[in-house]
Amino acid sequence: MHLVTSLLGNADDPELHDVLHRLEHAGRVEWLVLPRADMARRRLRAVTDQGSEIAVALPRDVSLFDKAVLVLSDNQAVVLRVEAENWLCLKPHDQAAALALGYHAGNLHWRVRFDGAVLQVALEAPVESYVQRLHTFIEDGRVSIEPPAVAAQGE
Amino acid sequence: MTALGIKPAAPNAARIGIGGPVGSGKTALIECLIPRFQAVGIDLAVITNDLVTKEDAERLQRSGLIDPKRVMAVEAGACPHTVIREDPTLNIAAAEECERRFPNLDLIIIESGGDNLASTFSLDLVDWWMFVIDVAQGDDIPRKRGPAILQADLLVINKTDLAPYVGVDAEAVLAEALQIRDSRPTIACRCRGGDSDPGLDAIVEAIGHDVLFTARGAAP
Ligand SMILES: Nc1nc2c(ncn2[C@@H]2O[C@H](COP(=O)(O)OP(=O)(O)O)[C@@H](O)[C@H]2O)c(=O)[nH]1
Ligand SMILES: [Mg+2]
Chain A
966 MHLVTSLLGN ADDPELHDVL HRLEHAGRVE WLVLPRADMA RRRLRAVTDQ
1016 GSEIAVALPR DVSLFDKAVL VLSDNQAVVL RVEAENWLCL KPHDQAAALA
1066 LGYHAGNLHW RVRFDGAVLQ VALEAPVESY VQRLHTFIED GRVSIEPPAV
1116 AAQGE
Chain B
8 MTALGIKPAA PNAARIGIGG PVGSGKTALI ECLIPRFQAV GIDLAVITND
58 LVTKEDAERL QRSGLIDPKR VMAVEAGACP HTVIREDPTL NIAAAEECER
108 RFPNLDLIII ESGGDNLAST FSLDLVDWWM FVIDVAQGDD IPRKRGPAIL
158 QADLLVINKT DLAPYVGVDA EAVLAEALQI RDSRPTIACR CRGGDSDPGL
208 DAIVEAIGHD VLFTARGAAP
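So the sequence lines, in the order shown, correspond to chains A and B.
Okay, so the first sequence: first residue is 966 according to my numbering, each after it adds one.
Okay, so the second sequence: first residue is 8 according to my numbering, each after it adds one.
Hints are not guaranteed to be accurate.
When the alpha-carbon atoms are kept at most 20 Å apart in a straight line, the in silico SDA-like pairs for lysine to any residue are as follows [stated by the list, open to error]: (1) B/K151 <-> A/V1092; (2) B/K151 <-> A/K1056; (3) B/K151 <-> A/V1077; (4) A/K1056 <-> A/V1077; (5) B/K151 <-> A/L1099.
Chain B is nowhere near these chain A residues, computed Cβ spacing over 10 Å in every case [to be verified]: (6) L968; (7) A1022; (8) D1031; (9) S1038; (10) S1094; (11) V1096; (12) T1101.
Simulated coverage check for chain B against chain A, where a stretch passes if three residues somewhere in it have a Cβ under 8 Å from a Cβ of chain A [stated by the list, open to error]: (13) 130-142; (14) 161-174; (15) 191-197.
Calculated from the structure, these hints are not laboratory results.
Yeah, the Cβ is synthetic: ideal placement off N, Cα and C, and Gly gets one too.
Input sequences plus hints: build the corresponding full structure.
Rendered as structure tokens:
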């Protein structure tokens, strides 16, 4: 198990790029893929795509980020990637519905982003648990569910 | 066996939260955890949140289980959720004070002042948190979902000893909770009259594995 108590940089940093590139050619770069919600943690335990166990215990003033280099040696690197997120896209049909939907999403502490007239809700639990909370909006046609936004890696 | 030799390298103590409705057994669970962690050399402190008193802190200080100086009280005032979620400043300050007083701490346990099912812990405050419910509150609590039930790193269903008296099938509650939580960690236990309760050992093991970094299947 690797204990990670500091972050070594960003995989895109020029001074790390070459060594990572070389390790990647040798098949020695492992990815630790974590959900976005875990970026707020200072301590966690997880397993890389190659099965290596990683224990993170960071100082309280350090935060994880996408492409953080966690482990780097002559023959191994571990780089963090944030899991692609799925968003539930909601289209309110008029201004009154938009007001009510915005209030509702805030009241439920949902993480949202705005895409023009569509409200996107980050899915941090099974989609049904969100749709159930919206049933009155959907039943009376005030809000409709749009096709999903394309999930972007590490965005 | 302490944290597999990596204990000295961790730059600080792990911080874990214990939330749950008033009376579900949060303090009782802490009373059960303290001797189990002490037995394996885990250096710990406890922070309790009460509304306007220090009731829980004083109970732990009187318990004889732990050095009273290792128990701190935070008075949450009118809103117990705010101090663990939106604005955990008071609790963060208390945790930092614990670390100053006891530089070798491995673990800080933070008990909330009592929550409804909407309550969650800020990950700025804790690294990992559990939510404690009990069978005597009815068998429909997991079904009512709520962010606490869905998002907790561990859901604890306490007071299994009371199940027969309140007409609840503890096994069925556990099975339903596991299904609702998509098989994320969920453990049934009893904090009274069950000194050798396997559920309590499983909770210690889960904390050891997830934040103290012990091997799976080992006590911390
Ligand atoms: N029968 C039984 N009683 C329990 C159990 N756990 C806690 N209690 C009792 O439940 C009451 C509330 O417990 P407490 O720890 O103060 O709950 P808190 O408000 O969540 O901290 C106390 O009288 C405890 O003794 C249990 O597993 N079985
Ligand atoms: Mg209590």
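Quick rundown of the hints versus the structure:
Between B/K151 and A/V1092 the CA atoms are separated by roughly 16 Å; this keeps the pair inside 20 Å, and the hint holds. Our distance criterion of 20 Å between C-alpha atoms is broken by B/K151 and A/K1056, whose separation comes to about 27 Å. Between B/K151 and A/V1077, the direct Cα distance comes to roughly 23 Å. Violation of the 20 Å bound is thereby established for this hinted pair. Straight-line distance between C-alpha atoms of A/K1056 and A/V1077 comes to about 13 Å, which keeps the hinted pair within the 20 Å bound.
Restraint check for B/K151 and A/L1099: satisfied, since their Cα atoms lie roughly 16 Å apart, inside the 20 Å limit. Against the 10 Å criterion, A/L968 falls within the reach of chain B, whose nearest CB is about 5 Å from its own CB. With a least beta-carbon separation of about 4 Å from chain B, A/A1022 fails to lie farther than 10 Å from that chain, contradicting its non-interface assignment. At the 10 Å boundary, the C-beta of A/D1031 stays outside the reach of chain B, the nearest C-beta of that chain being 17 Å off.
Distance check on A/S1038: its Cβ is at least 16 Å (rounded) from any Cβ of chain B, clearing the 10 Å threshold; non-interface status holds. Chain B draws A/S1094 into its interface by the beta-carbon criterion, the shortest separation being 6 Å against a cut-off of 10 Å. Non-interface status of A/V1096 relative to chain B is upheld: no Cβ of that chain comes within 10 Å, the nearest being about 13 Å off. A/T1101, annotated as away from the interface, keeps every beta carbon of chain B farther than 10 Å; the closest lies near 17 Å.
With 4 residues having a Cβ less than 8 Å from any Cβ of chain A, the region 130-142 of chain B passes the three-residue criterion, so the hint holds. Residues of the region 161-174 of chain B lying with their CB closer than 8 Å to a CB of chain A number 0, which falls below the three-residue condition for coverage. Evaluation of the coverage hint for the region 191-197 of chain B: breached, as 0 residues show C-beta separations to chain A shorter than 8 Å, against a requirement of three.
In this structure, the hints that do not hold are numbers 2, 3, 6, 7, 10, 14 and 15, in rising order.
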